[in-house]
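The residues making up each chain are set out below.
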Amino acid sequence: MSTATVEEIAEAAAPEPFWSRQRRLGVALILIGLLAAALFGSLAPSETARFTLSEDAEGAALTINGQFGAILFGLITLAAGGALVAGVLKRFQNLLLSVGILTFVLSFLCWQVAGKFMPLVDTTSGTLQLALPLILGALAGVLGERSGVVNVAIEGQFLMGAFAGALVGTMATSVWIGMISAAVGGLIIAAILAVLSIRYLVDQTVVGIVLNLFALGITGFLYERLMQPDAQSYNTPPMLEKIRIPGLADIPVIGPVLFDASPLLWAGLALVVLIHFGLSRTRWGLRTRAVGEHPTAADTVGIRVRGMRYLNVLTGGVIAGLGGAYFTLVATGSFTKNMTAGAGFIALAAMIFGRYTPFGALAAALFFGFAQKLATFLSAVGSPVPSQFLNMLPYLATIIAVAGLVGRVRAPAAGGQPYIKS
Amino acid sequence: MANDHIDITVEPGEVHALLGENGAGKSTLMNQLYGLLQPDEGQIVVNDEPKVFRSPRDAIAAGIGMVHQHFMLVPVFTVAENIALGHEEVRGGPLGWLDRRRSRKDVIETSKRYGLPVDPDALVEDLPVGAQQRVEIVKALTRDVDLLILDEPTAVLTPQETEELLAVMRSLTAMGKSIVFITHKLKEVKAIADRITVVRRGQIVGTATPDTSEDELAALMVGRAVSLEVDKAPAEPGRNVLKIANLVVDDDRGVRAVDGLDLVVRAGEVLGIAGVQGNGQTELVEAVMGLREVRGGTVELDNENLGTMTTKRILRSGVGYIPEDRSHDGVVKEFSVAENLVLDMYDRAPFGNTFKLDAGSVASNAAERIEQFDIRCQSSETPVGTLSGGNQQKVVVAREMSRPLRLFIASQPTRGVDVGSIEFIHNRIVHERDQGTAVLVVSSELDEVVGLADRVAVMYRGRILAIVSPDTPREELGLLMAGITNSKQQAANDAAVQQAANDAADQRAANDAADQRAASDTAVQQAGSDAPEEGTK
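Just so you know, the sequences run in chain order D and Z. Counting from 1, position 379 in the first sequence corresponds to residue 379 in the working numbering; the numbering is continuous, with no gaps. Basically the working numbering = 1-based index in the second sequence + 1000.
Extracted from the complex, chain D is given alone in its bound form:
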């Protein structure tokens, strides 16, 4: 706390600052809208951009002239920003913001895809695939956070899950045993986190970071000493195959995306719904939230605060472990050192971006997943944008999302605070 300067006092004299968050975001939208309409519009060739509903260039498609699209969508972004600055449609500010960002992305795509095609099915299912571990990781974070334990160790739980899934899955030659082992891997990290932070009151963030390093070290060591020398016996797990539901899978776009997919995806989406309703509508959820907001109040009505925290952190560990299984048992089919490459931290960002809610986390995870998918797609079609920039995209999106769009998020009041009985 410092004393105010003269300027600050003068500025503070106005009761509501004119440059509210909405207005500032509006200005940002106007700027990127101008950029889109002018730069993307002028760079885009006046050729047709095809967004195909099937896997290839043929077949039904949404089409638009690339240059026209880039300019049109850029102008819509600009308009949304203008509406925010003007302060009209106050009730739909979040909608305006979403429209502004969406049209900016579309403008960019029109430029990139002009004269080429973008398969919607592949893009969507790729987005979901890449978002899947983020969804699971963010859910683990939500469970911990809502009960008052900050889970920074999602990355470590991912790695341990991925490693355990690959190792045990290979040895047992069963993908299901692999999945269970992955869950146990996540659970082990969560258990250490829980005991140290709940029982021994160690700073939760510090424990989380140490656990991430621990997981990185131990899996890296075992990978080099065990898996690499004899990959055949230790690092060729059976993979979780996609399951196709006849009938439903024939629905255009949605069918192949959702109904010809990995069971883990279904599990992830089901968990989002389950945890959402669990938190808001059940006894367990009410108590979890009470413990995360005001543990003493929960204690005085006979709720076991530490018990609830253990339950939630450990459940979170299982879910994050399954998220780890995605890397080895769904995506690649083998473990490599540090293969999660920070995904756990992006999951953490998704949780915060999603305002500590399951559906918010889902939306945020999809957003980050799309950014990753876009990066791969663009480098595949030979975008003029340098690949280094494209690879930055998911991380850039993370920073912009967390720093710029989230605004003030109300975190659970007792998050990160150990509960000490007086």
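Just so you know, these hints were derived from the structure itself, not from any lab. Please read all numbers here as calculations on a predicted model, not as lab measurements. Keep in mind that the hints are not guaranteed to be accurate.
[Said to hold, decoys possible] To be clear about the criterion: a stretch of chain Z counts as covered by chain D if any three or more of its residues have a C-beta under 8 angstroms from a C-beta of chain D, and this derived list gives those stretches:
no.	region
1	1049-1057
2	1072-1079
3	1091-1097
4	1439-1446
[Unchecked claim] In silico DSS-like links for lysine-lysine, alpha-carbon gap of 27 angstroms or less:
no.	chain 1	residue 1	chain 2	residue 2
5	D	K421	Z	K1333
6	Z	K1312	Z	K1356
7	Z	K1333	Z	K1243
8	Z	K1051	D	K421
9	Z	K1232	Z	K1187
10	D	K242	D	K90
Even for Gly, the Cβ is constructed at its ideal location relative to N, Cα and C.
Let chain D serve as the given structure and place chain Z on it in line with the hints.
Chain Z alone, transformed into the frame defined by chain D:
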């Protein structure tokens, strides 16, 4: 040892007052009864059955409920959710699906049965303190308790709300409930208690009946005769020392806490600020001391602008300050008494300079102050944290009064301080006034404000609602503290004050109607009641 072989019996349908000073061990005793703490020795017997309470769950099961001094409510939950928490109505077996309709119905029924109006759908954080307390009581009552423990329930209430609470207590005992009423306020004890047990230093020092005089009760509580009045001559006010104009300050959450406040404190007078906790008093004082950002308006000390100074400069330009949270802001507990006594001047002669401390002069200063301010400690090298609350506060007072002062600000000067030290500190404050210092006293104890002040400023929703004489009747002060001004006062007050009252009424109207009772009972033209919502935690 907080409790030393205490025996206490509560009969059905009685209000049993547990009277004692802060730190006498009242709350410790009751926390054992409620299962939050486990006794080392001794027994709890409920309806002739010995019980062991390992957690509040056991206590609740045995029919004991407790309303804590700091409310045990989850701010972001609704009233119904808070009341249901821990014994939720559920459907769907193991799924534990919440039955919200039944929870709501339970709340409404209990609230009707005991005449405690609460809105089941309101968010607790939006409720004024008085309403939150009703929620706490309803919460206990839905658990079918026979014995209700109220821990310092009136600390956060206006005099009117206190009256209402006492009425509720009477109707509860009429229905056969027993109440343990923990307090250190003698008037309330005399008004409501059937039996009084006085606790001092963890031991029962006596029992009394409500006819016992206040002086006798105070003597029992403290262990010697005490004077409850502050002796002082009429003030001789001089120049305007502190001038605050149109001050605007935000609280920690960025909500406006002080909202266009004007105030003048003159040399040689004590200006007391009365008000229900959370009406911006804390923020006002912190802003004056440079501890909180001033968002608008000016704070001037003899025409120097304090708003742009650091706290260190403010202190050294002749301002003494007793912070409200002693252990956090007043002393460094691990430091010795001697060190704490020079926290303000450690880098100045004679105590030291930028590079070193002069241990000799620090020690001799300590010896002098300990003598002068009657600080009871083993030696000046004792860590301050081991001293009693009263002696810790005396260290703060000694330090702050040892500089030449123009303005002295005391925020909750006697919170958690024993009665003996209260007397001493009050006398020092009056002494300081008589030296010609301007004194600003902020306290949530109305008795203290009225006793010390030469003028009383009533603060409500971040503004001074009225400045009155300390002889003003309690009822009138109480109404003012609830934001209600009557027509006579309005005529006397200026337009700005009226504006504040109107704003308060407008805000009130915008709020939900759950809490209209207080306003309608007191038939006055401005309908404001309870503390502002931003004051509740």
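Going down the list of hints, with the structure as the test:
no. : hint              : result
1   : 1049-1057         : holds (count 3)
2   : 1072-1079         : holds (count 6)
3   : 1091-1097         : holds (count 3)
4   : 1439-1446         : violated (count 0)
5   : D/K421 x Z/K1333  : 22 angstroms, holds
6   : Z/K1312 x Z/K1356 : 19 angstroms, holds
7   : Z/K1333 x Z/K1243 : 34 angstroms, violated
8   : Z/K1051 x D/K421  : 21 angstroms, holds
9   : Z/K1232 x Z/K1187 : 23 angstroms, holds
10  : D/K242 x D/K90    : 45 angstroms, violated
Consistency note: the structure conflicts with the earlier hints numbered 4, 7, 10.
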